[in-house]
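Student: Its first residue numbered 1, the sequence shown is counted upward by one per residue in the numbering used here.
Please keep in mind that the hints were generated in silico from the structure rather than gathered at the bench. Some hints here could point you the wrong way.
Restraint-style ranges between C-beta atoms, simulated for each label pair [stated by the list, open to error]:
#, residue 1, residue 2, range
1, Val96, Ala158, 18 to 28 Å
2, Gly50, Gly169, 53 to 63 Å
3, Leu151, Ala37, 14 to 24 Å
4, Val96, Ser144, 41 to 51 Å
5, Thr112, Ala166, 19 to 29 Å
6, Gly139, Val96, 38 to 48 Å
7, Ala158, Leu72, 19 to 29 Å
8, Ser144, Gly50, 16 to 26 Å
Just so we're clear, the structure is a prediction, and the values are computed from it rather than from any experiment. For every residue, glycine included, the Cβ atom is placed at its ideal position computed from N, Cα and C.
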Amino acid sequence: MPKERGGKEGRCAGLRLAPSRELLPYLLAQVAGAIVAAGVVYLIASGAAGFDVRDGLASNGYGARSPGGYSLLSCLVAEIVLTFGFVLVILGATDVRAPAGFAPLAIGLALTLIHLVGIPVTNTSVNPARSTGPALFAGGGALSQLWLFWLAPLAGAALAGIVYPALVGTRPGRVAATSRPTV
Numbered sequence: 001m002p003k004e005r006g007g008k009e010g011r012c013a014g015l016r017l018a019p020s021r022e023l024l025p026y027l028l029a030q031v032a033g034a035i036v037a038a039g040v041v042y043l044i045a046s047g048a049a050g051f052d053v054r055d056g057l058a059s060n061g062y063g064a065r066s067p068g069g070y071s072l073l074s075c076l077v078a079e080i081v082l083t084f085g086f087v088l089v090i091l092g093a094t095d096v097r098a099p100a101g102f103a104p105l106a107i108g109l110a111l112t113l114i115h116l117v118g119i120p121v122t123n124t125s126v127n128p129a130r131s132t133g134p135a136l137f138a139g140g141g142a143l144s145q146l147w148l149f150w151l152a153p154l155a156g157a158a159l160a161g162i163v164y165p166a167l168v169g170t171r172p173g174r175v176a177a178t179s180r181p182t183v
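When you get a sec, could you build the whole thing from the sequences and use the hints?
Tutor: Put into structure tokens, the structure is as follows:
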């Protein structure tokens with residue numbers, strides 16, 4: 001499989017980039033990494049006086065679990081739109097027609113903007129694995145609302161995968177192979 005210009009973000013973001021035999025192990029690795037990371041955050045946070053895991057670890061939520069008290073529908077729409085936009089940036093930045101070296105900057109700035117917009121609404125998911133780790137530690141309400149933070153990012157990513165080719169013309173270019181410098 002050719003390497004992406006911007007790193008691994010594109011592998012699952014557009015499904016078109018991942019052979020099916022690589023998809024499940026990659027998804028499992030993402031979820032395992034998110035669980036380990038949430039565990040590390042839990043170990044650190046639990047050392048603070050008054051820490052209560054039910055308050056979060058930045059787990060995602062809607063209604064009373066939303067930082068701003070946003071409804072289920074508002075959070076669903078926000079997560080679909082934010083993921084859609086993020087995946088469009090990833091697909092465009094890793095397209096072979098994109099300027100070389102552009103992907104890390106474009107993807108990083110897009111993710112920063114998405115978090116600035118999304119944290120007050122849902123604590124920002126745009127990645128089901130990111131949502132799963134904290135929810136497993138927070139339990140209760142975080143786990144019962146986790147379905148939305150799988151559904152919305154997957155829907156947003158799928159929509160971007162359909163829309164991107166329509167925006168750029170016929171077929172999007174293959175993801176650029178990373179060339180090794182010659183010595």
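Student: For every hint, state whether the structure bears it out.
Tutor: Against the structure, the hints:
no.: 1; hint: Val96 - Ala158: 18 to 28 Å; verdict: 22 Å, holds
no.: 2; hint: Gly50 - Gly169: 53 to 63 Å; verdict: 56 Å, holds
no.: 3; hint: Leu151 - Ala37: 14 to 24 Å; verdict: 22 Å, holds
no.: 4; hint: Val96 - Ser144: 41 to 51 Å; verdict: 43 Å, holds
no.: 5; hint: Thr112 - Ala166: 19 to 29 Å; verdict: 27 Å, holds
no.: 6; hint: Gly139 - Val96: 38 to 48 Å; verdict: 44 Å, holds
no.: 7; hint: Ala158 - Leu72: 19 to 29 Å; verdict: 20 Å, holds
no.: 8; hint: Ser144 - Gly50: 16 to 26 Å; verdict: 24 Å, holds
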